[in-house]
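Working from the sequences, and respecting the hints, build out all of it.
These protein sequences, in sequence, are chains A and B.
Quick note on my numbering: the first sequence kicks off at 70 and runs consecutively.
Quick note on my numbering: the second sequence kicks off at 70 and runs consecutively.
Some clues are possibly wrong.
For lysine-lysine, the following DSSO-like pairs were computed, each having C-alpha atoms within a straight-line distance of at most 30 Å [claimed, not checked]:
1. K177(A) - K360(B)
2. K177(A) - K130(B)
3. K456(A) - K177(B)
4. K274(A) - K408(B)
5. K456(B) - K156(A)
6. K441(A) - K386(A)
7. K456(A) - K408(B)
8. K92(B) - K130(B)
9. K177(A) - K456(B)
10. K360(B) - K408(A)
If you want the footprint, here are the derived chain B segments under chain A, 3+ residues with CB under 8 Å [as the list claims (entries may be wrong)]:
11. 172-184
12. 192-204
13. 298-312
Simulated from the structure, these hints should not be mistaken for lab results.
All residues carry an ideal CB built from backbone N, CA and C; glycine is no exception.
Number of protein chains: 2
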Amino acid sequence: MRIAVLGGDGFVGWPTTLHLSAKGHELAIVDNLSRRWVDTELGIQSLTPMDSIQERMRIWKEVSGQSLTFAHIDVATEYERFRHWVKQWRPQVIIHLAQQRAAPYSMKTDRHKNYTVNNNVRATHNLLSSVVEADLDTHLVHMGTMGVYGYDSIGITIPEGYLDVDVTLDDGTQCSREILYPVSPGSIYHMTKCLDQLIFQFYAKNDQVRITDLHQGIVWGTHTDQTRKHEQLINRFDYDGDYGTILNRFLIQAAIGYPLTVHGTGGQTRAFIHIQDSVRCIELAIQSPPKVGDRTKIFNQITEVHRIRDLAKLIQKMTGAEIAYVPNPRNESDENELKVKNDQFTELGLQPITLETGLLDELIEIAKKYQKRIDRSLIPCTSLWNKRVRERMQVLSPSPARKAQ
Amino acid sequence: MRIAVLGGDGFVGWPTTLHLSAKGHELAIVDNLSRRWVDTELGIQSLTPMDSIQERMRIWKEVSGQSLTFAHIDVATEYERFRHWVKQWRPQVIIHLAQQRAAPYSMKTDRHKNYTVNNNVRATHNLLSSVVEADLDTHLVHMGTMGVYGYDSIGITIPEGYLDVDVTLDDGTQCSREILYPVSPGSIYHMTKCLDQLIFQFYAKNDQVRITDLHQGIVWGTHTDQTRKHEQLINRFDYDGDYGTILNRFLIQAAIGYPLTVHGTGGQTRAFIHIQDSVRCIELAIQSPPKVGDRTKIFNQITEVHRIRDLAKLIQKMTGAEIAYVPNPRNESDENELKVKNDQFTELGLQPITLETGLLDELIEIAKKYQKRIDRSLIPCTSLWNKRVRERMQVLSPSPARKAQ
Chain A
70 MRIAVLGGDG
80 FVGWPTTLHL
90 SAKGHELAIV
100 DNLSRRWVDT
110 ELGIQSLTPM
120 DSIQERMRIW
130 KEVSGQSLTF
140 AHIDVATEYE
150 RFRHWVKQWR
160 PQVIIHLAQQ
170 RAAPYSMKTD
180 RHKNYTVNNN
190 VRATHNLLSS
200 VVEADLDTHL
210 VHMGTMGVYG
220 YDSIGITIPE
230 GYLDVDVTLD
240 DGTQCSREIL
250 YPVSPGSIYH
260 MTKCLDQLIF
270 QFYAKNDQVR
280 ITDLHQGIVW
290 GTHTDQTRKH
300 EQLINRFDYD
310 GDYGTILNRF
320 LIQAAIGYPL
330 TVHGTGGQTR
340 AFIHIQDSVR
350 CIELAIQSPP
360 KVGDRTKIFN
370 QITEVHRIRD
380 LAKLIQKMTG
390 AEIAYVPNPR
400 NESDENELKV
410 KNDQFTELGL
420 QPITLETGLL
430 DELIEIAKKY
440 QKRIDRSLIP
450 CTSLWNKRVR
460 ERMQVLSPSP
470 ARKAQ
Chain B
70 MRIAVLGGDG
80 FVGWPTTLHL
90 SAKGHELAIV
100 DNLSRRWVDT
110 ELGIQSLTPM
120 DSIQERMRIW
130 KEVSGQSLTF
140 AHIDVATEYE
150 RFRHWVKQWR
160 PQVIIHLAQQ
170 RAAPYSMKTD
180 RHKNYTVNNN
190 VRATHNLLSS
200 VVEADLDTHL
210 VHMGTMGVYG
220 YDSIGITIPE
230 GYLDVDVTLD
240 DGTQCSREIL
250 YPVSPGSIYH
260 MTKCLDQLIF
270 QFYAKNDQVR
280 ITDLHQGIVW
290 GTHTDQTRKH
300 EQLINRFDYD
310 GDYGTILNRF
320 LIQAAIGYPL
330 TVHGTGGQTR
340 AFIHIQDSVR
350 CIELAIQSPP
360 KVGDRTKIFN
370 QITEVHRIRD
380 LAKLIQKMTG
390 AEIAYVPNPR
400 NESDENELKV
410 KNDQFTELGL
420 QPITLETGLL
430 DELIEIAKKY
440 QKRIDRSLIP
450 CTSLWNKRVR
460 ERMQVLSPSP
470 ARKAQ
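So, in structure tokens, the structure goes:
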């Protein structure tokens, strides 16, 4: 199949591209390389040294014999160029990862909030608009997030996107209806993924576009079978307070003797998935597309659920690392329960990689290997969610002037 | 109070500004004048001759003694300028009407779809971002639409924004929850108002912004008590297939002897409100704001419900006009039932102006007075909702080449 990966230079996009290319599909990467510009903006770099996209593609060709195509297009701002590209290349599947994907980054300042909304909404809508305009029966596979559901425990296992509810009609009888699970996003980033859902709902209904939305958990790991094949195929590995995801951050902190930074009580419970499973799930989703006229097909792309402080304790047990309970920069519940359905992927044959699978050691090895590249000052999360959090933080860490008194 | 009206040069914005100014409030209009540019783009003009915003303001000062402020800012694209303006002027209330508001316009081409999404989402988000950044306790009043609920009759009276549902928990017990009414927008325009709802939900929760969302029905009429005071204060009156709203279009068609264009069977049932009530409702919403920390307050801003073909028959009876049942350019159900709650406004004292109130005659008089300004070729709605509708239309009206065969 001809598969386009929008955001194919990113953390999930690059290993996805290689995984599908290794399976013999024809792959094109469409990317504005914005993630590299964000590195520059924030003065951070991936723990792992990443080559240019062009160089990575050259190495992949050497290693696998497979060619990749690269189009340097900003899907959010270059609608005309993108539509033209779609009409020319005629992808049968488009994997949409062309969005700003870090919650803390999306909350840094008004500029970052605006950028995240503008970029993410426009990328999604331009994509749909282009596919309709090109009159293609392309299957769109979008990377969503578990965060659309929110973390208000009400005693139900989170279903895959849709919730059955009972509504009382005017005549007093009850009627069962299936609705999109009511959203409760915890950041501007998560909010944009909720907006995406409604855009998908509209285009599936009005234009019968075939769409799959993957509500992914927190990704951990860095290597997949393909990125392991050559040092220059290595995936990015973020450790900073904005882009580093929780489990990866703990492992890096453990590797360099930095206390594991647990926000609040660590009572937050979240869903996780290894990067290798992430790319496998995307492949499974491609193999099992919705039919023309179907509503958006939603999968929960997760394999296990853990409480943050339990993860910290697990890493502590493995490595002897200290744990630092730090004030929570986010606006979220201290403690929550979480149960999540993921039957669809297991029914399609996914064999999950869990924490017990032994890949934690590999990550600590990678972190140790590249630890000289780490700037310890970038490890704390400095994005504060709102005014109340900022005020709380000021009380907890008084300014130097106050300390002097 | 200091009240800013974003989109204060528009069909609802202008009479709202005058209404609140007449009540003694301090009013500022923020507008990019885009609606006038759309007139230019489409080669249409308001049935009523409109002066420039500056001239209108001068006349209002003469008539009422009240000054209005005007800031020519594009809220969607000039974030920095708008934020600066908000910080300077410090509005206590902001009425947000700065959005592209026509469903047919939003469906014309991919360019119009993209413009509507980009403009509407960015305007809303930039507004919220500015208010948070300025650290003001401003009450935001947004013009939404009844169209967010959709028109799938399931046998319930549409509540005001929120729906009580029962959810079955894991332990088998039932739990009652209040959720945002599940949306079902019928056009890109309506979809943007659904996106707005989620942006409001997030900012009300994360930043405790006080927000009121008015889910308005189809507006009819053109005059309010203030616009009647001077010919140069006249409100715009759209008759074309893109911006003309259904009842106003029928009245104009009747006035000039053009058959009343009913889409499909005319079995669509919709909610209506007169422009005079629209501005009164906005005033009532301002007087009854949500408290800090409240969820978004949602009103159904409607006064009566009618089936389209019944309206056409009513106008026919009044005027003797013909009715033309034309193929429906939209993707919507032929027939639907509709019942809508609007208790909140009636409890706040709204005395609805209904079709029986006699204002239909006034509109026909206005239409007759300015009928020379009408371009009859612009009356049909030429925006087609999707590929299937386009194909259906081609079968119904074969091309000239086909006719010749």
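Quick rundown of the hints versus the structure:
This hinted pair checks out: K177(A) and K360(B) have alpha carbons roughly 27 Å apart, not beyond 30 Å. At most 30 Å may separate the alpha-carbon atoms for a hinted pair to count; K177(A) and K130(B) exceed this at roughly 44 Å. Taken as a hint, the K456(A) and K177(B) pair is broken in the structure, with Cα atoms around 42 Å apart against an allowance of 30 Å. Of the supplied pair hints, the one linking K274(A) and K408(B) holds, its CA atoms being roughly 24 Å apart against a limit of 30 Å.
Distance restraint check for K456(B) and K156(A): the Cα-Cα separation of roughly 17 Å lies within the 30 Å cut-off, and the hinted pair is therefore satisfied. Of the supplied pair hints, the one linking K441(A) and K386(A) holds, its CA atoms being roughly 24 Å apart against a limit of 30 Å. Simply put, K456(A) and K408(B) have alpha-carbon atoms about 41 Å apart, too far for the 30 Å limit, and the pair is violated. Of the supplied pair hints, the one linking K92(B) and K130(B) holds, its CA atoms being roughly 14 Å apart against a limit of 30 Å.
The straight-line distance between the Cα atoms of K177(A) and K456(B) is roughly 42 Å, outside the 30 Å bound, and the hint therefore fails. Our distance criterion of 30 Å between C-alpha atoms is broken by K360(B) and K408(A), whose separation comes to about 34 Å. By the rule of at least three residues with a Cβ nearer than 8 Å to a Cβ of chain A, the coverage given for the region 172-184 of chain B holds, with 3 such residues. Against chain A, the region 192-204 of chain B contributes 7 residues with a C-beta closer than 8 Å to a partner C-beta. That satisfies the three-residue criterion, and the hint holds.
Here's how the region 298-312 of chain B fares: 0 of its residues keep a CB closer than 8 Å to some CB of chain A, so the rule of at least three is not met and the hint is violated.
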